[in-house]
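Same order as they appear, the protein sequences are chains H and E. Heads up: the first sequence begins at 1 in full-length UniProt numbering, then just goes up one per residue. Heads up: the second sequence begins at 1 in full-length UniProt numbering, then just goes up one per residue.
Honestly, the hints are just simulated from the structure, not real lab data. Don't take every hint at face value.
Heads up, the list lumps identical chains together, so a pair's fine if it works in one copy or across two of them.
Said to hold, decoys possible - As a list, the in silico DSSO-like pairs of lysine-lysine whose alpha-carbon atoms are at most 30 Å apart:
| hint | residue 1 | residue 2 |
| --- | --- | --- |
| 1 | K75 | K261 |
| 2 | K3 | K261 |
| 3 | K3 | K182 |
| 4 | K38 | K268 |
| 5 | K261 | K182 |
| 6 | K268 | K182 |
| 7 | K268 | K71 |
| 8 | K182 | K38 |
| 9 | K49 | K3 |
| 10 | K261 | K38 |
| 11 | K49 | K71 |
| 12 | K38 | K71 |
| 13 | K49 | K182 |
| 14 | K3 | K71 |
| 15 | K49 | K5 |
| 16 | K182 | K71 |
| 17 | K5 | K38 |
| 18 | K261 | K71 |
| 19 | K49 | K75 |
| 20 | K49 | K38 |
| 21 | K268 | K75 |
| 22 | K261 | K5 |
Residue-level listing of the chains:
Protein chains: 2
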Amino acid sequence: MKKLKRSARLVEMTQYLLSRPHTVIPLTTFAERYGAAKSSISEDLAIIKEVFEEGGSGELHTLAGAAGGVKWIPKVSRELALAFAERLSTQLAQPDRILPGEYLYMSDLLGQPALMNEAGKIFATAFGNMDIDVVMTVETKGIPLAYATGAQLNLPVVLVRRDHQATEGSAVSINYVSGSHKSLHTMSLSRRAMREHSRVLIVDDFMKAGGTVQGMIDLLAEFNATVAGVGVLVESGSVDSEERLLTDYISLAKLTAVDAKSRHISVKPGNYFDL
Amino acid sequence: MKKLKRSARLVEMTQYLLSRPHTVIPLTTFAERYGAAKSSISEDLAIIKEVFEEGGSGELHTLAGAAGGVKWIPKVSRELALAFAERLSTQLAQPDRILPGEYLYMSDLLGQPALMNEAGKIFATAFGNMDIDVVMTVETKGIPLAYATGAQLNLPVVLVRRDHQATEGSAVSINYVSGSHKSLHTMSLSRRAMREHSRVLIVDDFMKAGGTVQGMIDLLAEFNATVAGVGVLVESGSVDSEERLLTDYISLAKLTAVDAKSRHISVKPGNYFDL
Numbered sequence: 001m002k003k004l005k006r007s008a009r010l011v012e013m014t015q016y017l018l019s020r021p022h023t024v025i026p027l028t029t030f031a032e033r034y035g036a037a038k039s040s041i042s043e044d045l046a047i048i049k050e051v052f053e054e055g056g057s058g059e060l061h062t063l064a065g066a067a068g069g070v071k072w073i074p075k076v077s078r079e080l081a082l083a084f085a086e087r088l089s090t091q092l093a094q095p096d097r098i099l100p101g102e103y104l105y106m107s108d109l110l111g112q113p114a115l116m117n118e119a120g121k122i123f124a125t126a127f128g129n130m131d132i133d134v135v136m137t138v139e140t141k142g143i144p145l146a147y148a149t150g151a152q153l154n155l156p157v158v159l160v161r162r163d164h165q166a167t168e169g170s171a172v173s174i175n176y177v178s179g180s181h182k183s184l185h186t187m188s189l190s191r192r193a194m195r196e197h198s199r200v201l202i203v204d205d206f207m208k209a210g211g212t213v214q215g216m217i218d219l220l221a222e223f224n225a226t227v228a229g230v231g232v233l234v235e236s237g238s239v240d241s242e243e244r245l246l247t248d249y250i251s252l253a254k255l256t257a258v259d260a261k262s263r264h265i266s267v268k269p270g271n272y273f274d275l
Numbered sequence: 001m002k003k004l005k006r007s008a009r010l011v012e013m014t015q016y017l018l019s020r021p022h023t024v025i026p027l028t029t030f031a032e033r034y035g036a037a038k039s040s041i042s043e044d045l046a047i048i049k050e051v052f053e054e055g056g057s058g059e060l061h062t063l064a065g066a067a068g069g070v071k072w073i074p075k076v077s078r079e080l081a082l083a084f085a086e087r088l089s090t091q092l093a094q095p096d097r098i099l100p101g102e103y104l105y106m107s108d109l110l111g112q113p114a115l116m117n118e119a120g121k122i123f124a125t126a127f128g129n130m131d132i133d134v135v136m137t138v139e140t141k142g143i144p145l146a147y148a149t150g151a152q153l154n155l156p157v158v159l160v161r162r163d164h165q166a167t168e169g170s171a172v173s174i175n176y177v178s179g180s181h182k183s184l185h186t187m188s189l190s191r192r193a194m195r196e197h198s199r200v201l202i203v204d205d206f207m208k209a210g211g212t213v214q215g216m217i218d219l220l221a222e223f224n225a226t227v228a229g230v231g232v233l234v235e236s237g238s239v240d241s242e243e244r245l246l247t248d249y250i251s252l253a254k255l256t257a258v259d260a261k262s263r264h265i266s267v268k269p270g271n272y273f274d275l
């Protein structure tokens, strides 16, 4: 690459860093890329770090020593995350979302890539300091959220299927009881999909009693894998405490009431904001 | 926001633009955001434009007049797209991907968010000049690709289900014949998911004879919607031309042979590179 002026280099480096979250980039990579001295690169990075961190979009970690470099850690400030949860809650409370069986129509929201990416960035903030190998979800509606989270954390996504698919090779299947209906279902994961002893972040769009998430946790045991965390976009608060299978999770929004008769829905920010 | 030096402003503006593809941003937004004169903002944008366009990561369009502003159009150069397709082809040709029935295991590749985002950016390059309202896919494996494409084009994603789900409300169902097995399947789309007369970009991970994509096209007719384009990550070239249901699509990789006996797989870059 030809030598760039500082102004152009700042634009290029910003673009380079933003597209590589949670990745260590040695200073020498930049120095060679731009034909610049490491001292100039360090000055550039100080400017970028200040803008990123003051703007609340994340942290630029500097790693000293032989493996010296920088790592971009995208984060969402508590203030912006809460604003997101409040907007989401308002949208979820629209009365025309109520479906027969008191289900809530959410596909229009789940279908917005920018909204999913924002939620994924909040999960990446919540779980970014943990030792995680993969993000896991079960088909179907949690998939965009799992990929958004995986992209921000620079982690692969493992997809649990409802049925055993010919395109997955040999798989491990388990039965689980879904809390909403207390009915028995099957989920399966390809043997090839995950290494043994992986540390797994489970992500889903919606959780009621937690049966589906508990199913994924049971499936992890078959791979000698462990849960590093559980994040759901929306939880239903209308569950008796003795019915709830899971207590250790974070949610971004909490559905506290759905009344089909009065067409009233109550939603508030989730337990992520309780602390 | 406090006044920023030019260097800091360039970093901030770069970050702002990159997170808002295919979105018109008026110059006044930047001028107010940074308390700077429009002439200074224009100079900044000229620097950013040059870096983006020379680096081959996209185009920064300038819109003159009262609605004056800029629009960031992410693009992948033909050279980088071909390099991507060649890497993908090499990975797909690994012999241990062959599954019973001559299916190919692809979930490890589809599980990499960064790889999906790169493919999505290539689709956004291919279809970015077209008039499109939504990106559509059918569950399950094409979902990350559809979201990656939707994110780059700033478009919502519409998800066709294999079964009618309680969480989707009233839906339109159709039957379709899947080319691989000539067997009859059902797919359905929520009535609420898409406006009538939408222009739709169909995205999927794999296409053989095209039965599944043809199913989605048939479903569009029920919504008085039209196909704006079809993009698949991998197509199977081992289809007789009279069996192929669809001819107007782009693919990024083409599977030309899978031989379970010799454990040989041939893959080459897709028809996107034929021009």
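Do the hints match the structure? See the list:
no.: 1; hint: K75 with K261; in the structure: neither (41 Å within a copy, 50 Å between copies)
no.: 2; hint: K3 with K261; in the structure: neither (68 Å within a copy, 53 Å between copies)
no.: 3; hint: K3 with K182; in the structure: neither (65 Å within a copy, 58 Å between copies)
no.: 4; hint: K38 with K268; in the structure: neither (49 Å within a copy, 41 Å between copies)
no.: 5; hint: K261 with K182; in the structure: within (24 Å within a copy, 46 Å between copies)
no.: 6; hint: K268 with K182; in the structure: within (26 Å within a copy, 48 Å between copies)
no.: 7; hint: K268 with K71; in the structure: neither (34 Å within a copy, 35 Å between copies)
no.: 8; hint: K182 with K38; in the structure: neither (61 Å within a copy, 61 Å between copies)
no.: 9; hint: K49 with K3; in the structure: both (22 Å within a copy, 17 Å between copies)
no.: 10; hint: K261 with K38; in the structure: neither (67 Å within a copy, 54 Å between copies)
no.: 11; hint: K49 with K71; in the structure: both (10 Å within a copy, 25 Å between copies)
no.: 12; hint: K38 with K71; in the structure: within (16 Å within a copy, 33 Å between copies)
no.: 13; hint: K49 with K182; in the structure: neither (50 Å within a copy, 57 Å between copies)
no.: 14; hint: K3 with K71; in the structure: both (23 Å within a copy, 27 Å between copies)
no.: 15; hint: K49 with K5; in the structure: both (19 Å within a copy, 14 Å between copies)
no.: 16; hint: K182 with K71; in the structure: neither (45 Å within a copy, 50 Å between copies)
no.: 17; hint: K5 with K38; in the structure: both (15 Å within a copy, 22 Å between copies)
no.: 18; hint: K261 with K71; in the structure: neither (52 Å within a copy, 46 Å between copies)
no.: 19; hint: K49 with K75; in the structure: both (13 Å within a copy, 27 Å between copies)
no.: 20; hint: K49 with K38; in the structure: both (16 Å within a copy, 26 Å between copies)
no.: 21; hint: K268 with K75; in the structure: within (22 Å within a copy, 39 Å between copies)
no.: 22; hint: K261 with K5; in the structure: neither (65 Å within a copy, 57 Å between copies)
Of the numbered hints listed earlier, those contradicted by the structure are 1, 2, 3, 4, 7, 8, 10, 13, 16, 18, 22.
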